[in-house]
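Chain A: place on chain V using the hints.
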Amino acid sequence: MTPVFYVIAALTIAGGLAAVLLKNLVHAALAVTVAFGGLALLFLSLDAQFAGFAQILVYIGAVAILIVFAILLTRGSDLPQDGVFSHTWLIGLMIAAGVFSVLAWAVLRSVPALPHETAVPAVTVHDIGVALVGRYVLPLEILALLLTAATIGAVIVAMHEKDGAQ
Amino acid sequence: MTPLAAYLLVAALLFAIGLAGALVRRNAILVLIGIELMLNSANLNFIAFWRYGPHPEALTGMMFAIFSIAVAAAEAAVGLGLVIAIYRHAQTTDLDKMNRMKG
Chain V
0 MTPVFYVIAA LTIAGGLAAV LLKNLVHAAL AVTVAFGGLA LLFLSLDAQF AGFAQILVYI
60 GAVAILIVFA ILLTRGSDLP QDGVFSHTWL IGLMIAAGVF SVLAWAVLRS VPALPHETAV
120 PAVTVHDIGV ALVGRYVLPL EILALLLTAA TIGAVIVAMH EKDGAQ
Chain A
0 MTPLAAYLLV AALLFAIGLA GALVRRNAIL VLIGIELMLN SANLNFIAFW RYGPHPEALT
60 GMMFAIFSIA VAAAEAAVGL GLVIAIYRHA QTTDLDKMNR MKG
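Sequence lines, in order, name chains V and A. Mapping of the first sequence onto numbering that gives the first Met the number 0: position 142 corresponds to residue 141, and the numbering continues sequentially without gaps. Mapping of the second sequence onto numbering that gives the first Met the number 0: position 74 corresponds to residue 73, and the numbering continues sequentially without gaps.
Just chain V, same shape as in the assembly (with noise of 0.2 Å):
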């Protein structure tokens, strides 16, 4: 492994650690970020460069931007003055601790049949594109339609309630 995996990898894991564990909410939605852009570096890594762009654009330039709103409208960065773990919190972090460990067992057991290194993969856009629009026309179709539904949806759920209480 390169040495810039291992820089991608901290600075993604840092950012997820830093997002689950930083008290205020505004300080968590920017450590989510630093997370997401390392996600996207290390898709870029992985020689998938249209998934990597995919993901800047839609997670650091939609998602990140939703949660931030989502952060304000809510009042999120006053700090609660009871903690912000939930009384349940050691049997939560034992079960992270037992799925990671599960995952993490599994995957060095199977270090032997996984593949070496190999060739790097001849896939253009353009290839993504063909495939989008031939094989994959229906999931996208499906897709475009949940995508809508979606937006509607929550626009509507967001609203203001009927009986005019706001």
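FYI, nobody ran anything at the bench for these hints, they're computed from the structure. No experiment lies behind these values; they were computed from the predicted model shown. Heads up, some of the hints might be wrong.
[Claimed, not checked] Short, incomplete list of chain V residues facing chain A, as computed with Cβ under 10 Å:
#, residue
1, T1
2, P2
3, F4
4, V6
5, T11
6, L38
7, F42
8, A50
9, L65
10, L72
11, V101
12, A103
13, L107
14, S109
15, I127
[As the list claims (entries may be wrong)] With the C-beta cut set under 7 Å, the calculated list includes, among others, these residues of chain V facing chain A:
#, residue
16, A13
17, L92
18, L102
Each residue gets a CB set at the ideal place from its N, CA and C atoms; glycine is no exception.
What follows is chain A alone, placed relative to chain V:
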């Protein structure tokens, strides 16, 4: 260690961090952030297997990751809309205080 195993370990660690965030934090927005991290780590697995798999020109892993990114964006929009609606109703985003199903 093969490069694929290193990427899979990073994805597993990120998944565990996201799961811990979703289970441990009290704020609903932080729970959504944890879920996003988990979805992203799954995408990293797809891309890594696509890159080191036997037939990268078939684009299956890449397509799965792209569709997964789009579905995750829709999920984030609906989830944050729900959080805003609940905040408007209950004046809190603290999940420990949302312990009744009656409106």
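Consistency of the hints with the structure:
1. Hint status for V/T1 relative to chain A: holds, with the closest Cβ pair at about 9 Å, below 10 Å.
2. Contact between V/P2 and chain A, as hinted, is not supported at the beta carbon level, the nearest pair being about 12 Å apart and thus beyond 10 Å.
3. Hint status for V/F4: holds, given a least beta-carbon distance of 7 Å to chain A, under 10 Å.
4. Because the closest C-beta pair between V/V6 and chain A is about 12 Å apart, greater than 10 Å, the hint is violated.
5. At a threshold of 10 Å, the smallest CB-CB gap from V/T11 to chain A is about 7 Å, leaving the interface hint in force.
6. With 10 Å as the threshold, the beta carbon of V/L38 comes within range of chain A, its nearest partner Cβ sitting at about 5 Å, so the hint holds.
7. Because the beta carbon of V/F42 sits about 5 Å from the nearest beta carbon in chain A, less than 10 Å, this interface hint is met.
8. Interface hint at V/A50: satisfied, since its Cβ lies 5 Å from the closest Cβ of chain A, which is below the 10 Å cut-off.
9. Here the hint on V/L65 is kept, as its CB sits about 5 Å from the closest CB of chain A, short of 10 Å.
10. Interface hint at V/L72: satisfied, since its Cβ lies 5 Å from the closest Cβ of chain A, which is below the 10 Å cut-off.
11. Using the Cβ-Cβ criterion of 10 Å, the hint placing V/V101 at the interface with chain A is satisfied: the shortest such distance is roughly 9 Å.
12. Against a cut-off of 10 Å between C-beta atoms, the interface hint on V/A103 holds, since the closest Cβ of chain A lies about 5 Å away.
13. Checking V/L107 against chain A: minimum C-beta separation of about 7 Å stays under 10 Å; hint holds.
14. A cut of 10 Å between beta carbons decides the hint on V/S109: the least distance to chain A is about 8 Å, and the hint holds.
15. The interface hint given for V/I127 is met, as the beta carbon of that residue sits about 7 Å from the closest beta carbon of chain A, less than 10 Å.
16. Here the hint on V/A13 is broken, as its CB sits about 10 Å from the closest CB of chain A, past 7 Å.
17. At a threshold of 7 Å, the smallest CB-CB gap from V/L92 to chain A is about 6 Å, leaving the interface hint in force.
18. Annotation: V/L102 was flagged as interfacial toward chain A, and the flag holds, the nearest CB pair being 4 Å apart, inside 7 Å.
Taken one by one, the earlier hints fail for this structure at numbers 2, 4, 16, listed in ascending order.
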